Each structure stands twice: as C-alpha cells, then as structure tokens.
Amino acid sequence: MEGVLNQLPIGLSIGAVLLLIALGLTFTFGQMGVVNMAHGEFIMAGAYTAYLLQGVGFLIALPAAFVVAGLMGLVLERTLIRRFYGRPLDTLLLTWGVSLLLQQLARDLFGAPNVQVASPAWLRGGIGILPYNRLFIMALAAASVLAIWAYMNRTGQGRRMRAVMQNRRLAATSGIDTGRVDQRTFFIGSGLAGVAGVALTLIGPVGPTLGTYYIVDAFLVVVAGGLGQLRGAVLAAAGLGLLNSYAEFWSDASLAKVVVFMAIIGFLQVRPQGLFFVRSRALS
Amino acid sequence: MRNSLWRTGAAFTLAAVTLAACAGQSSTNDTAASSGGSDTIKVGILHSLSGTMAISEVTVRDAELLAIEEINAAGGVLGKKLEPVVEDGASDWPTFAEKATKLIAQDKVATVFGGWTSASRKAMLPVFEKRKALLWYPVQYEGLESSPYIFYTGATTNQQIVPGLDYLKEKGKKKLFLVGSDYVFPRTANKIIKAYAAANGMEVLGEEYTPLGHTEYSTLVNKIVEAKPDAVFNTLNGDSNVAFFKQLKSAGISADQMPVMSVSVAEEEVRGIGVDNVAGHLVAWNYYQTTDTPANEKFVAAFKAKYGADKVTSDPMEAGYNAVYLWAEAVKKAGTSEVEAVKKAAGGVSLDRPEGEVTIDGDNQHVYKTARIGVVQPDGQIKEVWNSGEPIKPDPYLKTYSWAGGLV
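So the sequence lines, in the order shown, correspond to chains A and B. In terms of the working numbering, the first sequence opens at residue 1 and continues consecutively. In terms of the working numbering, the second sequence opens at residue 1 and continues consecutively.
Note that these hints are calculated values from the structure, not bench results. There may be inaccurate statements among the hints.
To be verified - Chain B residues, not near chain A, derived (Cβ > 12 angstroms throughout):
#1 A74
#2 A105
#3 E390
Stated by the list, open to error - Where chain A lies over chain B, by a calculated footprint (3+ residues, C-beta under 8 angstroms):
#4 188 to 195
#5 219 to 232
The structure displayed is predicted, hence computed values, not measured ones. Each residue gets a CB set at the ideal place from its N, CA and C atoms; glycine is no exception.
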C-alpha cells in the first residue's frame, strides 16, 4: 500500500521532468510552429555546460546553460530555420540533420562515453521516497513556469510574442518587428532546454545522445497540452507523469510506454488540438 | 541565355570532376586490392561508432586497433602486415548486416572483429554463415548459440552469470530482484537466473525490464524498496545504468544494505555513472584493469600510451584485444588466412593474455576464461574479491548443469 501512495509524488516528479524538457518546446514548436528536432541537443548542451562548470557551482550552471543553449538556438534560427518558416516538413529534416551534427560535435569534443557530473552535496538525501534532487527539479519546473507566465503576460516583449503567434501579419502591420520577436522566442525556448539539461544531470546519463532520450516525450507533452499553451503543458506533463508512474507500477516500463502512447492517441482523437487552444483565424 | 550557358558549363564541369573522382577512386581501390594480395592481409572492424552504443563500442575498436598495431610492429602475420578496414554499425542492427556484407564481399577481408549487442550479432550471423566468413565477437552474452562462423571471445553464461550467482549464494543473499533492459540478453539471462534460483533455494522477488535508453527509474526503485530483496541482479545495458544507479543512490539505498550485481558495468561505465553512485556494488567479469598479470601490465601501459593516460581498460576491450591475437595465432598455425583452415587450426590455440591463460574450445568456438567477481572502488577501479581459480570451460548451452535442463 505504501508503494501505491509513493507513486503519487513519483508521478508528479516524473511530470516535473517532462514539463522542464517540454517548456522550451512550447515556445519554439508551440508558438512558432517550428518542429525543432535539435531541441534535445540543446538539452545536451545544457548538461555539458553543467559538466564544464562543475567546480564553479551547480546554481551558476543554470543561467550559464540558459545562455549557451539560447545562443545555439539563436544561431540555428538566424542561419537556417529563418529560411524555412512555413515549411514544417523541411524544417523537421533540417533540424534532425543539425541534431546529428551536434551529437557528433559533442562526441568529438567530450568523447563518446558518458561524463560524470557529481550532484552538489546539498542535494544528497531526501524526504520519504522523494530525494532532494527530485524536489529540486519540481521547484525548478515551478519557478520556470512562473517566470514564463510573468514574461508572457506582464511584459511588453511577452505581449508582442503572443501577438505574433496569434496573427503574424496583423502584428507586423501594427509595427511589431516579427523577425526580432522570432529571434527572441527562439533564444528563450532553446535556453529553457539548456536549463532542463542541467537539471537532468542529477538523475540521468550525460553523453552525446542524451537529447534523443527526451525529445519524443517533450513533443508529446506539447502536443497533448495544446500548442503554445503554458497551462496545457503543465497539466499534460503532470497527467502523463502520473499515468506513467501508475502504469509502470502495475505493469512494467515497456508496457507503461505503450499505455501512455495509447492514451495520447486516444486523447488526440477526441481533442485534436490538445487540452487548450487559442481560437484564432491565424491558426485555422 | 548567358545564364543557361553558364549552367550547362557548370553541369559539365561537375560531371567531369565527378567522373575524375570516380576514376581516381577505382584506381586507388585497384592498387589497394593488388597490394592486399602481396604484403598485407585486410581485416574488418565493425563496431558502432555513432548512436547509443558508441559509448561502449568505440573503446573496443580502439583496443582492436592497438592489437593490430602491435602485431604489425612485431612483423605481422605470415610475413604480411594487417590492414584494418573500419566500418560503423551505427547502433542499428540492419546496418551491421549491411556493413558486414560490404566488408566480406567488397573489401574481401580475411576476418571481421565486431559487434557488441546480441541484436547486432544476431543480425550479422546469417551474413557470415551464408558467405562462410569469420566473425570474432568480443562481448559477454546470453549463450545458447554456437555458430560455426563466429568465435566468441567474451564470456558465455557459465563463465559470468553463474559464477556471479554462486558468489551471491555464498554470501547468503537469498532473495533477488532482477532488473534488465528489454531485449534478448537480459531476458535469456534472467531465465537462467530463475532456473538457478529455483534449484538453489533462492527466491526471485521481482523481474523488471525497461526499454533500451530508458532514463526514468523512480518507479522501479520504489518497487525494489517495496520488495526488500537481499540483492539486485542487474542486466541493464548502456546509458540506462547511469540513470538507474543515480536514482537508486539518491533514494538512499546503499551497497551495504542491498548490493547490485551487474554484468554490463565495467571500468568505462563506472566513470559515466559517477563513482559516488556505484562504489561498493558488485560486478561479474573475466578481466579488470587491476587484474594482476604481466600481460595486463603491458596491455594497460600500451593502451594508455596510445590513447591517453586518463583512459581505462575493461573486459570487452580486453576480449576484443585478445580476439585479434587469437585469430593471428590461428592463422600462423594454419599457414594461411583462408577461413576454413583458420577455423580448423583455431581449436586448442592457447595464449597468455591480460586476463590469464585463454584457450579456444574447438567444439563450440568459445574461449576458456577465468571468472572474476569485483567490487567497485571509490577511485573508479574494480577490486577483485573472488575468482574461479582456473579458466572455466565454456558451456554455452549449460549442458553440464542439471538445473538448466528445461532452458534449451
């Protein structure tokens, strides 16, 4: 019985991981419609940033990874993706190729084997079944959501971002520099992937192919939550985390994956646009 | 008009360059092939250099290249230098079969050293059997196989898993929890473990599989905590080990309370997992970097000299390194690198290797190996705490174990 109860916080902590890896995608995929397969590699870049900054401090790695991954995203957007707006299939192939390049780059720079990132001492131990590092990830996910919410709703930049998302041409005619907004959106989205990467060093492997383990889950959360919907992503991540946790508890990990996929397929049959969506002419 | 002229010109130039390149290519190929006949023997090396398995397989390729270099420095085989042809299996099983075909048919290699996962070996097996070519497979595996065209230089189950279970039994660990990746090796290994447990008064409290590349182990750790086993037998492969040990450790489970016996965690993996997370846990192999033999001292020194002082050596690397030497010895004995003659000559070939004496068993083309149980040390090395005393005869079908009757 204790095991069943334990699965509740475990499910929420799985949800927090899902949310953290998907937050960046709610920007790049959700807001801009860019299917960025290299998102996982930005997560990897964040993890390697934590590796390089090990002596300096774990908390410093968070903003550093945000900037590193954000700049990588910005370069990708300026040099390549910008030329492919409105062509999702081409973007998909393009960014997939970029993801392979980045994986090989990481392999050349850091070697094929996983590297070791030691957890900071203050994250050892835990409360009940939940270790401190899981609680830290949950807190980080919550803080990120709050920060994004404030940015989107309380700043001029955020309002412009939403305006461009809802109707690009109308926003442009109102005098918003949509190109600049795109750059900023991509920087933030990619930077959030970097932050997720730092957090993932606490619980998972740090190697060149790290991104490939999380990219599918990240897309699932965004699609199930509704494109560009923050509250949708939060609810979808929590729901999928709990579903995964209990499905695995009562069956096994492979079957749990099947259950989650089936649930998402079924759900999208009923609500093809996800949990939440914006009614707007631009999207139809 | 000018524009289209320019285009036509460009197209012609491109075509000419391409043709010239092709011609250049084929002429170099010709010379390579003809020189292959005179003073070199080509050997194929086929491991995943990209994708999820690259983490492990790149190191085996390095060890095999080192062996080839050493053999060449000592004068080669039958007066000929070995010329490695390296291909990337890309962690993708059909690619392994395709590249194996390429190495055999196009490069005409004398033998191939390659593979890591059982899935890659199973994909290559029909290629080698059909084309009557030789594969040397360097990794411990689940047994129950004995292809006439494969030599197995890693351990089969009675040289690794069974000794691991003997050790746990000796230490009074009666209740086991089995954790593995969801593919052929862990599933077969666990079948053997359950049969052993049933015959030896041990109890299996749980048996869990996770997909390759799985990174979320909190639920599984919760199940293990609930079941309260004496020990965990771990057949996870690849990066999952990192996630598993990190999450086990942060759940507050220590090696003293509940040791994990792993069969796919060696020196290289220990570094990726983080020594903190895995120190004190048990591993079962046939070789450690710390294994105390003169041949190993030489191997470790040569490997560090070639690839860097921070590199570690591990069991599959040593088995790959041995494979090249064993093949070269069989070729010398046969007097030719022709496949059937080498196969015939290989039986009984015995060499003093880093892990001690290894001998090829002519009946099943496996190798006599000494089993060793080790404990991961805080410095990332593995300390041997038990060994079988002498090389164990390979028994891939476990015919000599009464409890294994129902398995085959």
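We went through each hint and held it up to the structure:
no., hint, verdict
1, A74, "holds (29 angstroms)"
2, A105, "holds (28 angstroms)"
3, E390, "holds (33 angstroms)"
4, 188 to 195, "violated (count 0)"
5, 219 to 232, "holds (count 6)"
Of the numbered hints stated above, the single one contradicted by the structure is hint 4.
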